[in-house]
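Colleague: Chains A and B supply the protein sequences, listed in that same order. The numbering of the first sequence is our numbering, which starts it at 1 and goes up by one. The numbering of the second sequence is our numbering, which starts it at 1 and goes up by one.
Because the hints were derived from the structure by calculation, they are not lab data. Please note: incorrect hints may appear among the correct ones.
What the hints assert, rightly or not - Negatives, chain B to chain A, calculated, CB over 12 Å:
id : residue
1  : Arg13
2  : Pro143
3  : Ile169
4  : Thr190
5  : Leu251
To be verified - Some, not all, of what chain B presents toward chain A, calculated at C-beta under 8 Å:
id : residue
6  : Thr46
7  : Thr148
8  : Met198
9  : Glu208
10 : Gly211
11 : Val212
Note that the Cβ used here is the ideal one computed from N, Cα and C, for glycine as well.
Letter by letter, the chains look like this.
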Amino acid sequence: MITQSGNGKPILQVKNVSKRFGGLQALSKVTFDLPQGQILGLIGPNGAGKTTLFNAINGIYPPEAGQVILREQDITGWKPYDVARLGLARTHQIVQPLNELTVLQNVMAGACFGHERRSLGQAHEIADQVLDFVGLAGRQDELAVSLNVAQKKRLELARALAARPYLLLLDEVLAGLNPAEIADMIQVVRQIRDQSVTILIIEHVMHALMNVSDRVIVLDYGQQIAEGTPEQVANDPRVIEAYLGDPKMAERLMDRLDEQVED
Amino acid sequence: MKPLDKSHDTPWRNPGLWLALATTAVIGLSPALSGNKAYAREVMFTVLMSVGLASSLNVMLGYTGYVNFGHIVFFGLGGYVSFYLLSVHRLPFYIAVLAGGLSAALLAFLLGKAILRLRGAYFALATIGVNEAARSFVKNFGPFGGPTGMTLKFQVYQAYGGADRALWIAYIVLVVLAVAVILVSFLVKTSRFGLGLMAIRENEDTAEVMGVVAPNAKTWAYVLSAIFPGMIGALFFFKNGNIEPDDAFRLQQSIEIIVMVMLGGQGLVLGPLVGSAVYQRLRGYLLVSPLFKNIQLAVAGVLLLIIILFVPAGLVGWLRRRSSRLRRVLE
Numbered sequence: 001m002i003t004q005s006g007n008g009k010p011i012l013q014v015k016n017v018s019k020r021f022g023g024l025q026a027l028s029k030v031t032f033d034l035p036q037g038q039i040l041g042l043i044g045p046n047g048a049g050k051t052t053l054f055n056a057i058n059g060i061y062p063p064e065a066g067q068v069i070l071r072e073q074d075i076t077g078w079k080p081y082d083v084a085r086l087g088l089a090r091t092h093q094i095v096q097p098l099n100e101l102t103v104l105q106n107v108m109a110g111a112c113f114g115h116e117r118r119s120l121g122q123a124h125e126i127a128d129q130v131l132d133f134v135g136l137a138g139r140q141d142e143l144a145v146s147l148n149v150a151q152k153k154r155l156e157l158a159r160a161l162a163a164r165p166y167l168l169l170l171d172e173v174l175a176g177l178n179p180a181e182i183a184d185m186i187q188v189v190r191q192i193r194d195q196s197v198t199i200l201i202i203e204h205v206m207h208a209l210m211n212v213s214d215r216v217i218v219l220d221y222g223q224q225i226a227e228g229t230p231e232q233v234a235n236d237p238r239v240i241e242a243y244l245g246d247p248k249m250a251e252r253l254m255d256r257l258d259e260q261v262e263d
Numbered sequence: 001m002k003p004l005d006k007s008h009d010t011p012w013r014n015p016g017l018w019l020a021l022a023t024t025a026v027i028g029l030s031p032a033l034s035g036n037k038a039y040a041r042e043v044m045f046t047v048l049m050s051v052g053l054a055s056s057l058n059v060m061l062g063y064t065g066y067v068n069f070g071h072i073v074f075f076g077l078g079g080y081v082s083f084y085l086l087s088v089h090r091l092p093f094y095i096a097v098l099a100g101g102l103s104a105a106l107l108a109f110l111l112g113k114a115i116l117r118l119r120g121a122y123f124a125l126a127t128i129g130v131n132e133a134a135r136s137f138v139k140n141f142g143p144f145g146g147p148t149g150m151t152l153k154f155q156v157y158q159a160y161g162g163a164d165r166a167l168w169i170a171y172i173v174l175v176v177l178a179v180a181v182i183l184v185s186f187l188v189k190t191s192r193f194g195l196g197l198m199a200i201r202e203n204e205d206t207a208e209v210m211g212v213v214a215p216n217a218k219t220w221a222y223v224l225s226a227i228f229p230g231m232i233g234a235l236f237f238f239k240n241g242n243i244e245p246d247d248a249f250r251l252q253q254s255i256e257i258i259v260m261v262m263l264g265g266q267g268l269v270l271g272p273l274v275g276s277a278v279y280q281r282l283r284g285y286l287l288v289s290p291l292f293k294n295i296q297l298a299v300a301g302v303l304l305l306i307i308i309l310f311v312p313a314g315l316v317g318w319l320r321r322r323s324s325r326l327r328r329v330l331e
């Protein structure tokens with residue numbers, strides 16, 4: 001179990017959550033606590049159940065067994081909009097812009113329907129700030145469909161941030177970005193955490209995840225095979241085995257980590 | 001150029017709203033300036049009726065993205081309920097019209113709970129079923145006159161100063177309703193509620209993840225889009241003097257309304273207005289043309305095909321894409 005660092009109670013508790021699709025056990029008894037203000041990384045090979053876990057948390061589909069507790073309320077089986085109204089926002093692995101609406105309208109919708117339920121006027125102010133923060137300020141009147149992939153990723157993030165969530169689920173916000181864009185995005189994620197938003201993040205760009213996360217959970221075939229600090233996880237033999245048995249994995253990850261520390 | 005961003009602060013200063021309202025008012029007032037007032041009134045009654053039906057459908061079709069082949073059900077039901085109250089219970093005209101709108105809204109609310117969980121083609125098919133079911137029900141419903149329908153006694157018109165004056169009253173109420181539809185259509189579009197509907201149109205699952213309570217939003221959109229056809233049906237059949245199941249629940253009329261919305265531009269306030277005016281002019285021409293009079297519906301079908309293939313944004317939508325200056329005026 002994750003030791004709680006810093007400020008108090010876990011904002012999210014996942015207890016023995018299981019989900020099955022036909023013959024596939026997508027999640028089996030996943031259990032963890034996420035204390036407020038932390039960034040928890042979620043890694044694992046393709047098909048390990050990471051996005052399924054997100055979907056089980058925010059109500060896309062209810063888990064078959066187990067409990068999800070957000071801000072001390074049992075939200076197991078809640079609808080996505082009720083979960084959103086309790087203060088959860090998420091981004092999607094495959095970006096889901098509201099194509100025929102403008103960038104501004106996309107982000108305003110985030111503020112209007114998130115847990116603060118802002119009026120349009122207030123939502124507009126929040127959207128201005130958030131678009132500035134993610135670097136899309138100049139494109140607010142363009143239709144979302146006209147953005148490129150990196151911009152759509154930022155839009156997705158901006159929309160989630162405009163909801164002013166307590167808990168933010170980030171599903172591969174770095175995928176498909178070039179190294180410069182990744183560096184920018186990592187800065188953005190860190191700044192979000194500094195605003196005391198708790199973050200659960202799925203990422204395949206391993207070095208990024210390793211150096212942005214406070215703690216990391218590893219899923220493989222729906223099983224939690226490891227958890228701990230990035231260093232602990234990177235040296236865990238089961239994790240190394242899960243990643244194609246690549247023995248150089250840990251070394252590579254630690255190299256990256258050292259580079260970042262030296263920065 | 002910020003066409004959309006400030007409209008929620010000052011909806012009254014949006015030129016698009018005034019353009020749409022002024023157009024509707026000009027259409028509405030034109031019979032007063034015409035040489036043959038009664039004839040012009042009949043022509044404009046058809047146009048304004050289409051404006052009201054198309055604009056109210058636009059809330060579902062254009063804003064929310066739900067294709068509704070059963071819009072005319074609300075027209076028919078509103079017509080029947082008000083006709084029944086007028087002819088059998090001798091209730092005042094205005095109360096009957098209001099009751100027509102409210103009964104349509106109630107039907108939409110109940111239907112919404114049942115069929116709005118369907119999406120895409122399944123919802124569209126269900127609305128066709130609703131239309132056919134409503135017609136069959138009314139055909140077998142004694143109080144509504146069964147298959148032969150009902151006829152208004154002439155004395156009913158006497159209460160309003162004779163048939164001619166009654167027709168003018170019906171027309172004036174229709175003008176007010178048409179202006180109200182345009183106003184509501186605009187206010188919905190520039191409201192938070194409307195933003196939620198458009199989010200549902202673009203991606204319902206994502207909208208729910210963002211916190212849009214889609215089942216409620218869709219139901220209220222459906223109710224709102226049903227009130228006006230309910231009241232317009234009441235006016236139409238009051239003017240008509242009789243009502244029959246096959247006139248009240250005509251599937252092809254629903255399809256024509258969809259053509260009008262698509263022709264002008266779905267999702268725009270001005271779209272259904274322009275679409276219904278153009279369509280009704282075209283239809284008027286086709287009906288008197290010896291070549292086309294028997295196949296005017298086929299022409300509507302071909303028109304729909306052409307719009308979907310080549311101008312999916314509709315006339316107004318196409319114009320908006322041409323220039324950003326027009327975008328500010330053509331809301």
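Colleague: It remains to establish, for every hint, whether it holds in the given structure.
Modeller: Each hint tested on the structure:
1. Arg13: holds (14 Å)
2. Pro143: Since the minimum Cβ distance to chain A is about 41 Å, B/Pro143 lies beyond 12 Å and the statement holds.
3. Ile169: holds (38 Å)
4. Thr190: violated (8 Å)
5. Leu251: holds (29 Å)
6. Thr46: violated (32 Å)
7. Thr148: violated (47 Å)
8. Met198: Where the cut-off is 8 Å and the nearest Cβ of chain A is about 6 Å from B/Met198, the hint holds.
9. Glu208: At 4 Å from the nearest chain A Cβ, B/Glu208 passes the 8 Å test, so the hint holds.
10. Gly211: holds (3 Å)
11. Val212: holds (5 Å)
Of the numbered hints given earlier, the model fails hints 4, 6 and 7; all others are met.
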